[in-house]
Amino acid sequence: MTAPAPEQAQLKADAIGFVDALVIGLAATSPAYSLAAVIGPIAALVGVYAPGVLLASFVPMMLIATAFLYLNRVDQDCGTTFSWVTRAMGPWLGWIGGWAITMTGVLVIGSLADVGVSFSLLMVGADGAADNTWIRMPLAILLILLMTWICVLGTDISAKLQNALIFGQVAALLIFAAVAVVKALNGSSPLDEITPSLSWLNPFGEGGAALSSGLLLGVFAYWGWESAVNLSEETTDGASAPGRAGLWSTFILLVTYIAVAFAVVAFAGTEWLTDNADEEEFVFAEIATQVMGDWSWVVLFAVATSAIASTQTTIIPASRTGLSMARRHAFPAKLGRIHPRHHTPDVSTWWVAAIAIAWYVGIYQVSANALFDSLTALSLLIAFYYALTGVACAIYYRRHLLESAKNLFLIGVGPLVGSGLLIWLLGLSIWDMSDPENSYSGQSWLGVGPPLVIGAGIFLVGIALMLFWRSQDARYWQERPGVADPDIVRGGKSAISDPDGLEG
Amino acid sequence: MTVVLGYDESPGADAALEVAIDVAKRFGEPLRLVYGAAPPGGLGEEFKAHRDALTEMGQHATSHALARAQQEGVDATVDVVSAKPAMALLRVADECDATVIVVGTSGESPIKGAMLGSTPHKLLQLSTRPVLCVPAGD
Numbered sequence: 001m002t003a004p005a006p007e008q009a010q011l012k013a014d015a016i017g018f019v020d021a022l023v024i025g026l027a028a029t030s031p032a033y034s035l036a037a038v039i040g041p042i043a044a045l046v047g048v049y050a051p052g053v054l055l056a057s058f059v060p061m062m063l064i065a066t067a068f069l070y071l072n073r074v075d076q077d078c079g080t081t082f083s084w085v086t087r088a089m090g091p092w093l094g095w096i097g098g099w100a101i102t103m104t105g106v107l108v109i110g111s112l113a114d115v116g117v118s119f120s121l122l123m124v125g126a127d128g129a130a131d132n133t134w135i136r137m138p139l140a141i142l143l144i145l146l147m148t149w150i151c152v153l154g155t156d157i158s159a160k161l162q163n164a165l166i167f168g169q170v171a172a173l174l175i176f177a178a179v180a181v182v183k184a185l186n187g188s189s190p191l192d193e194i195t196p197s198l199s200w201l202n203p204f205g206e207g208g209a210a211l212s213s214g215l216l217l218g219v220f221a222y223w224g225w226e227s228a229v230n231l232s233e234e235t236t237d238g239a240s241a242p243g244r245a246g247l248w249s250t251f252i253l254l255v256t257y258i259a260v261a262f263a264v265v266a267f268a269g270t271e272w273l274t275d276n277a278d279e280e281e282f283v284f285a286e287i288a289t290q291v292m293g294d295w296s297w298v299v300l301f302a303v304a305t306s307a308i309a310s311t312q313t314t315i316i317p318a319s320r321t322g323l324s325m326a327r328r329h330a331f332p333a334k335l336g337r338i339h340p341r342h343h344t345p346d347v348s349t350w351w352v353a354a355i356a357i358a359w360y361v362g363i364y365q366v367s368a369n370a371l372f373d374s375l376t377a378l379s380l381l382i383a384f385y386y387a388l389t390g391v392a393c394a395i396y397y398r399r400h401l402l403e404s405a406k407n408l409f410l411i412g413v414g415p416l417v418g419s420g421l422l423i424w425l426l427g428l429s430i431w432d433m434s435d436p437e438n439s440y441s442g443q444s445w446l447g448v449g450p451p452l453v454i455g456a457g458i459f460l461v462g463i464a465l466m467l468f469w470r471s472q473d474a475r476y477w478q479e480r481p482g483v484a485d486p487d488i489v490r491g492g493k494s495a496i497s498d499p500d501g502l503e504g
Numbered sequence: 001m002t003v004v005l006g007y008d009e010s011p012g013a014d015a016a017l018e019v020a021i022d023v024a025k026r027f028g029e030p031l032r033l034v035y036g037a038a039p040p041g042g043l044g045e046e047f048k049a050h051r052d053a054l055t056e057m058g059q060h061a062t063s064h065a066l067a068r069a070q071q072e073g074v075d076a077t078v079d080v081v082s083a084k085p086a087m088a089l090l091r092v093a094d095e096c097d098a099t100v101i102v103v104g105t106s107g108e109s110p111i112k113g114a115m116l117g118s119t120p121h122k123l124l125q126l127s128t129r130p131v132l133c134v135p136a137g138d
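Chains as they are written, first to last, in my numbering: chain B, 1 to 504; chain R, 1 to 138.
By construction, these hints were calculated from the structure, which means they are not laboratory data. Errors might be hidden in some of the hints.
Computed footprint of chain B on chain R, listed as stretches where at least three residues anywhere in the stretch have a Cβ under 8 Å from a Cβ of chain B [said to hold, decoys possible]:
{"#": "1", "segment": "53 to 60"}
{"#": "2", "segment": "119 to 133"}
Each pair of labels, with its calculated beta carbon distance range [what the hints assert, rightly or not]:
{"#": "3", "chain 1": "B", "residue 1": "332", "chain 2": "R", "residue 2": "11", "range": "23 to 29 Å"}
{"#": "4", "chain 1": "R", "residue 1": "137", "chain 2": "B", "residue 2": "62", "range": "20 to 26 Å"}
{"#": "5", "chain 1": "R", "residue 1": "72", "chain 2": "B", "residue 2": "62", "range": "58 to 64 Å"}
{"#": "6", "chain 1": "R", "residue 1": "126", "chain 2": "B", "residue 2": "456", "range": "50 to 56 Å"}
{"#": "7", "chain 1": "R", "residue 1": "137", "chain 2": "B", "residue 2": "138", "range": "37 to 43 Å"}
Once the Cα atoms are required to be at most 25 Å apart in a straight line, the calculated SDA-like pairs of lysine to any residue come out as [stated by the list, open to error]:
{"#": "8", "chain 1": "B", "residue 1": "334", "chain 2": "R", "residue 2": "122"}
{"#": "9", "chain 1": "R", "residue 1": "84", "chain 2": "B", "residue 2": "152"}
{"#": "10", "chain 1": "R", "residue 1": "84", "chain 2": "B", "residue 2": "337"}
{"#": "11", "chain 1": "B", "residue 1": "183", "chain 2": "B", "residue 2": "334"}
{"#": "12", "chain 1": "R", "residue 1": "122", "chain 2": "B", "residue 2": "183"}
{"#": "13", "chain 1": "B", "residue 1": "334", "chain 2": "R", "residue 2": "57"}
These figures come from a predicted structure and were not determined experimentally. In this text, a Cβ means the ideal position worked out from N, Cα and C, and glycines have one as well.
Please model the complete structure; the sequences and the hints are all you need to start from.
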């Protein structure tokens with residue numbers, strides 16, 4: 001039989017244009033949604049130093065992104081935490097890493113859909129409906145189902161639309177920032193405006209404790225940015241289109257975040273922000289209305305589309321990690337099923353949606369604020385799997401760290417420092433969350449704050465499932481950690497798919 | 001000159017296989033079975049696992065079709081191409097200067113096909129060669 005191996009589908013530099021690469025880098029972070037979700041809480045924590053904290057949060061993110069970059073180089077085509085950690089540190093940690101990355105997706109989908117629906121309703125002026133859980137929740141569930149169905153159909157039609165939307169988002173945010181700063185400067189803000197100052201860029205302005213809580217939220221705001229770095233690697237020539245696009249998307253993201261942070265703080269003043277801190281992302285909606293007046297729909301539309309688009313772009317990676325784990329016998333084989341006609345992993349996609357909906361509905365029964373508590377729990381998971389990936393990078397490359405100063409810093413020290421920072425943040429926030437007073441709902445679950453219970457609960461369920469699956473099918477646990485192939489590291493040959501022959 | 005067939009295990013594909021074998025026999029031309037194994041939904045996390053799964057599925061699916069064509073005495077070969085189905089077909093068709101591209105349609109509504117970008121729909125817009133669309137049997 002003649003069934004030749006498929007030609008190697010390496011990403012080609014010329015296959016991805018400047019605009020596409022720029023969009024991928026920005027869309028993966030979904031700036032409007034992230035800002036809407038974190039700007040209120042960050043400003044409440046650190047006051048005028050919100051821009052500084054957003055700037056500082058970029059540091060651990062950047063260090064971890066280099067780990068993603070180098071790991072992607074030896075295990076090509078966008079494997080992620082699950083594949084890499086398994087190769088570097090063995091199946092136990094690999095499984096937990098894969099679990100964490102899937103659960104981050106599952107957990108955030110409900111909140112994305114909720115924000116998408118709320119901001120859409122606010123945009124059309126249905127403020128009452130946006131406040132009513134019984135209108136918002138069914139719509140959000142419908143939205144999740146619709147997005148899941150689109151993911152199962154595997155359609156690509158939205159690509160062009162998303163390109164337009166992402167630029168619209170960034171433009172809307174920057175216009176909002178400009179208008180807010182102008183109004184703050186000429187004193188026409190209805191709130192208690194303050195004049196912006198460069199000292200706001202100092203992340204240490206409000207002290208260490210506030211900084212660490214702020215950083216964890218800031219890391220959430222940059223979550224996803226590593227895909228821009230992976231793309232820029234598609235060409236070694238940094239001056240060509242994707243490399244430039246990677247740099248540009250970073251620059252645009254930083255400028256947008258810092259500009260909006262400046263604008264929000266200058267326009268509203270810290271007192272108003274602290275008073276309204278428990279409103280979470282609706283702080284942003286409120287300020288948008290104050291700043292833009294009749295044009296506030298532009299900002300609301302940006303947040304709504306950002307959240308809706310991310311609902312879809314979050315389902316795909318979560319279901320793919322499920323597929324990848326199933327193919328390596330780390331999950332039941334059923335989850336690895338591919339729909340014959342649509343060519344998508346339909347079973348794992350529907351599972352992701354089902355768990356996301358169950359989570360979303362369940363958490364709402366507990367409390368409306370529990371959704372935001374689950375977002376805090378989410379940053380714990382993100383910090384955990386980013387830290388794990390950073391350590392995996394240094395371990396996988398351990399034989400090459402001393403080959404050059406560049407290797408030592410970019411592959412070894414950088415990712416380890418990034419991981420260290422994240423673990424430190426993780427520890428501090430666990431300490432912080434063990435006091436129920438510090439959660440958004442102010443409730444006490446088992447004597448500690450709900451986010452910690454949620455975060456720990458997810459890990460415990462994961463460990464229980466892992467032990468159960470280990471007893472059912474031990475094949476995945478036969479995989480042994482390895483090291484990076486020296487020839488690929490030194491550029492002697494290009495990476496091949498599945499270097500250790502582990503994926504069957 | 002060659003007959004190029006887009007084949008996966010979807011409902012329309014078997015009807016298309018029968019027609020393609022028939023056409024290849026009548027023209028006395030070789031048949032190339034093409035399976036596009038690029039995952040929909042673009043790049044991103046665990047892209048490779050998805051593509052590998054599709055490649056495996058493609059090889060499995062086409063092996064049956066290949067046996068069927070060879071049994072009918074047609075000179076048939078298989079291409080599992082790392083591209084989305086429509087692009088894979090166009091690429092192979094250009095490569096071998098195909099007489100006709102044969103694809104199955106699974107009877108979806110025209111609007112759905114246009115909105116969601118079905119393979120036959122894309123081919124009809126993009127191909128510079130004749131495209132033969134075969135409806136799925138009952």
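Cross-check of the supplied hints:
1. 53 to 60: holds (count 6)
2. 119 to 133: Since three or more residues must qualify, the claim that chain B covers the segment 119 to 133 of chain R is violated, with 0 doing so at under 8 Å.
3. B:332 x R:11: 23 to 29 Å: At 27 Å between Cβs, range holds.
4. R:137 x B:62: 20 to 26 Å: 57 Å, violated
5. R:72 x B:62: 58 to 64 Å: 60 Å, holds
6. R:126 x B:456: 50 to 56 Å: 53 Å, holds
7. R:137 x B:138: 37 to 43 Å: 40 Å, holds
8. B:334 x R:122: 31 Å, violated
9. R:84 x B:152: Answer holds: residue 84 (chain R) to residue 152 (chain B) is near 15 Å, not above 25 Å.
10. R:84 x B:337: OK: residue 84 (chain R) and residue 337 (chain B) at ~19 Å, within 25 Å.
11. B:183 x B:334: 57 Å, violated
12. R:122 x B:183: Since the Cα atoms of residue 122 (chain R) and residue 183 (chain B) sit roughly 50 Å apart, the hinted pair is violated (cutoff 25 Å).
13. B:334 x R:57: 14 Å, holds
When each numbered hint is compared with the structure, violations occur for hints 2, 4, 8, 11, 12.
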